[in-house]
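*Asks:* For this one, chain S is given, so just place chain R on it according to the hints.
Chain by chain, the residues:
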Amino acid sequence: MSVSDDERRDIKATLAGDGEAYARLIRRYQDRVARRMWRFTRDPLELESLVQTVFVEAYKSLGGFRGTGPLEHWLLRIATRVGYRFWKQRDRRRGREVSLGEYDPPGDVPDEPSGAADRLHAMLARLKPRDRLVLTLMYFEDSSIAAIAEQTGWSESMVKVQLHRARKRLKSLLDNATSGRNNT
Amino acid sequence: MRPEYDIDALARRARQDAPPDVDVAEAVIGELAGWRPRPQRIIGEFAMAASLLAVFVVAAALWIQIHRRNVQSARRDLFGSMPTLATTTQP
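Note that the protein sequences, when read in sequence, are chains S and R.
All residue numbers for the first sequence refer to our numbering, where the first residue is 1023 and numbers rise by one.
All residue numbers for the second sequence refer to our numbering, where the first residue is 419 and numbers rise by one.
Note that these hints are calculated values from the structure, not bench results.
Virtual Cβ for every residue (Gly too), placed ideally from N, Cα, C.
Incorrect hints may have been included.
Unchecked claim - Partial list, derived from the structure: chain R residues whose beta carbon lies under 7 Å from chain S:
1) Ala427
2) Leu428
3) Ala429
4) Ala432
5) Gln434
6) Ala443
7) Glu449
8) Ala467
9) Leu471
Said to hold, decoys possible - Part of the chain S face toward chain R, derived, beta carbon under 7 Å:
10) Gly1041
11) Ala1043
12) Arg1049
13) Gln1052
14) Gln1074
15) Tyr1081
16) Glu1094
17) Trp1096
18) Arg1099
19) Val1131
20) Ser1136
21) Ala1139
Next up, chain S with everything else stripped away, as it sits in the complex (with noise of 0.2 Å):
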């Protein structure tokens, strides 16, 4: 799958300064990448914004564009990278949301699609952005190494090592905080 034509017009126009043929663009694609954005975080204000950075900083480099891959690819890509620089920024401000001590302990898996996730994003927000990064998309997307790499833009042996020690530290997050419940 490629640029269609429809999508190669749009993309001259907008270069041209076309502001509505850009529009058209965003209509086709924000659901999707509103999807994408919707694995960094949990509230519709923040969401709302992200998807508008995404949209933004695909503009300011639509030049750069080549058309040899699908265009949402290339947006994934973006909203990837605009993802991961949301959580490192909000790490460094305020440190992680919730120490572990703070941390509650998984039971059942929820019946809810949206508190099964609400769960999920809890656990993987006590890892570090680069751990986090990598199991939400594989987690969250059902990614591909391959696919994670060309999302994330490291190599695939780099992708396969960050997740076995995002594994590992998740894993050692839950023993500790299973054990913690049982102890009390």
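*Replies:* Then chain R, alone, in the frame of chain S:
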């Protein structure tokens, strides 16, 4: 033995969670008013041409310098042992 938490089952369910609807088209267009995407390829080609030109200029300057030194040393080889006009006019 403690049972392991089934994170894969949690992930499978979490994947079905959909985000709230967003419509950012107007906000993005408003934020970008007055902006034009940078023609990166043209800038890239311009930068490449400018750096090639800079390399050429530096190489030419070096060549001239070396050539000038060669001429000077050849002149010294030829006339270096001969007395200068100033010493011959001394009494």
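*Asks:* When the structure is checked against the list of hints, which entries are broken? Sort them ascending.
*Replies:* 8, 9, 11, 16, 17, 18
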